[in-house]
Structures are given as C-alpha cells and as structure tokens.
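As a plain string of letters, each chain reads:
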Amino acid sequence: MTTQDRNNWGVCYSVISFVERALAGHSKVERFKRTRDILFDLELTHGRRLRALLVDEYTLGLAAIHRALSEFPDIDFIVTGGNWNGYTKEAKDFGRQHSLGVFNIEEFLGALNWSEPKNYHKKDSDGKPTYAYH
Amino acid sequence: MVNLLTLITKLPRGSEAYVFGSSLHSASPRDLDILIVYDTKFCAPRDAYAAHEDFIVALRQVSKLDIDLTLLTREEEQGSRFFEKTGALRFSEALETSSVQLGTIEARKRVAFWPLSDAR
Numbered sequence: 001m002t003t004q005d006r007n008n009w010g011v012c013y014s015v016i017s018f019v020e021r022a023l024a025g026h027s028k029v030e031r032f033k034r035t036r037d038i039l040f041d042l043e044l045t046h047g048r049r050l051r052a053l054l055v056d057e058y059t060l061g062l063a064a065i066h067r068a069l070s071e072f073p074d075i076d077f078i079v080t081g082g083n084w085n086g087y088t089k090e091a092k093d094f095g096r097q098h099s100l101g102v103f104n105i106e107e108f109l110g111a112l113n114w115s116e117p118k119n120y121h122k123k124d125s126d127g128k129p130t131y132a133y134h
Numbered sequence: 001m002v003n004l005l006t007l008i009t010k011l012p013r014g015s016e017a018y019v020f021g022s023s024l025h026s027a028s029p030r031d032l033d034i035l036i037v038y039d040t041k042f043c044a045p046r047d048a049y050a051a052h053e054d055f056i057v058a059l060r061q062v063s064k065l066d067i068d069l070t071l072l073t074r075e076e077e078q079g080s081r082f083f084e085k086t087g088a089l090r091f092s093e094a095l096e097t098s099s100v101q102l103g104t105i106e107a108r109k110r111v112a113f114w115p116l117s118d119a120r
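In the order they appear, the protein sequences are chains A and B. Position one of the first sequence corresponds to residue 1 (my numbering), numbered consecutively onward. Position one of the second sequence corresponds to residue 1 (my numbering), numbered consecutively onward.
Hint data in this document are derived by calculation from the structure and do not stem from the laboratory. Keep in mind that a hint or two might mislead.
[Stated by the list, open to error] From the structure, some residues in chain A lie toward chain B, with a derived Cβ separation under 8 Å:
| # | residue |
| --- | --- |
| 1 | Ser-27 |
| 2 | Arg-31 |
| 3 | Thr-88 |
[Claimed, not checked] In silico DSBU-like cross-links for lysine-lysine, where the CA-CA straight-line distance does not exceed 30 Å:
| # | chain 1 | residue 1 | chain 2 | residue 2 |
| --- | --- | --- | --- | --- |
| 4 | B | Lys-85 | A | Lys-118 |
| 5 | A | Lys-128 | A | Lys-33 |
| 6 | A | Lys-128 | B | Lys-85 |
[Said to hold, decoys possible] Listed below are several chain B residues computed to face chain A (Cβ distance under 10 Å; list not exhaustive):
| # | residue |
| --- | --- |
| 7 | Glu-16 |
| 8 | Asp-39 |
| 9 | Ala-44 |
| 10 | Asp-54 |
| 11 | Leu-65 |
| 12 | Thr-70 |
| 13 | Leu-71 |
| 14 | Leu-89 |
| 15 | Phe-91 |
| 16 | Ser-92 |
| 17 | Glu-93 |
Please read these numbers as outputs of a predicted model, since none were measured by experiment. All residues carry an ideal CB built from backbone N, CA and C; glycine is no exception.
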C-alpha cells in the first residue's frame, strides 16, 4: 500500500486514508494495492480481482466518467468517496452500458459482498432498488 | 490582467459557469467550487474537460485558488437538481454577492474576486 504520485483529481489524503481503512477491514477483501494515488487493485477472498478508481466528486457526471476512462482505461469501478457524494442517472446508465460500476463509497463497500458487484444496489423499505443519484 | 469579460469569453458556446460551496460563504475559502453546465449540442461529454480548460486555467490565475470543477450536461443538472441542492449562483451573481460583502470579508476572498469585480 504505497503512495505513488499525487493525483490530479483533487482527492485528498483523508478520503484515500478512509477508503484504505475501510478496505483493510472489509471481510471480503483479501488484499489490495494502491497505485497512482487513487487507483486500487483489489483481490477478494474468493480470488476475484477488481480495479477501482477513487474520485471525490460531489456529483459524478458523464464528463468525469469519460475523463476517468481516458486516464485509467482498465478500471472496473469508479467510486466517488464520501457517502454524501453521488452520481447522475446518466453516469450510472453509461456505466451499466459499458460494464463499469459507478458507485459512491458506501455502495461500493456493499457491492464487494455481492457475487456480481457491478449489479449491486441498495434497497428501500419496500425492497425497491435505490441509487445515490444526485 | 484577466477580467470577468475575458473569462466568460473563454467558455465554449452553450456553457454557463456557476459558483457553489464554501467559497460563497467562507471568508477564506480553501478552493473555488465551480459548476459548468454545458450543452451536448456543442460539446460532447468526452470532450468537456478539454473544452473548458482555458476557462479553468484563467480562473485559477485570477482567483489564486484551486478550482474544484464539476461538469454536467444540461440534462444532468436538471435531473440532479444541482442548483436547488447546492444553492449555486451564476458567476455574475456570485460576484455581486461578493461585492456586497467586500467590506467585511477577509483579504484572501477579496483577492479572489477583486479582479473580477473590476470588470463590471
């Protein structure tokens, strides 16, 4: 878990550190490695490997999604740190169409418990899917 | 010196800039939260960051603050109700707000907005 190069996404160390602590304590995470400051390579306990980019966008939109894919083309997830952060419906839909998981950090940590993490969604009291739409 | 009018002309056609976050309320903001709403008729999402870079670079020079940029299409802004949630102000409105407060705010914010106010 080393820090390499500061990021140009404005993600501060407190957010990175929070995510590192959360992953380190996650029951489904065997190990992880952070590179380029905000890029996380995870190995889950059942052997699956995932690559997630951490950003800190209050509202993650299509432009940020495209920028992220341009700079980090091999990612499986874009995660916006902070439970108060979210994404637009357009960004989520783009992710679904391109096999890219778009989550806030709370959702991402929940998704790691699912067999197909990209399909993860929270549910409301009626059992209907809810998303961190902004 | 870059002034407000010059800054606005650096925005691509169909784009509008707004200010939100702590810079509207804090005397010494850590950064400047900027929302740009752009029109996909003139700018594709994949090109949005590059298309608005000139504006952001100039704004950073004038404000002497880090710029925390959010870029949304018009449809995304409407769907997210970003204005309603954040109280984002149009660039010109933010300047007026700052001008009203100039007598009481700290020097750093004054530095951030004086050059822009000069252009009005």
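Now the hints, each set against the structure:
1. Ser-27: violated, 33 Å
2. Arg-31: This hint is violated: Arg-31 of chain A lies away from chain B, its Cβ roughly 32 Å from the closest one there, beyond 8 Å.
3. Thr-88: holds, 4 Å
4. B:Lys-85 / A:Lys-118: holds, 28 Å
5. A:Lys-128 / A:Lys-33: violated, 34 Å
6. A:Lys-128 / B:Lys-85: Holds - the C-alpha atoms of Lys-85 of chain B and Lys-128 of chain A are around 24 Å apart, at most 30 Å.
7. Glu-16: violated, 14 Å
8. Asp-39: Because about 12 Å separates Asp-39 of chain B from the closest Cβ in chain A, which is outside the 10 Å limit, the hint is violated.
9. Ala-44: holds, 8 Å
10. Asp-54: Check failed: Cβ of Asp-54 of chain B comes no nearer than 16 Å to chain A, outside 10 Å.
11. Leu-65: violated, 12 Å
12. Thr-70: holds, 6 Å
13. Leu-71: holds, 4 Å
14. Leu-89: violated, 16 Å
15. Phe-91: violated, 18 Å
16. Ser-92: Where the cut-off is 10 Å and the nearest Cβ of chain A is about 22 Å from Ser-92 of chain B, the hint is violated.
17. Glu-93: violated, 20 Å
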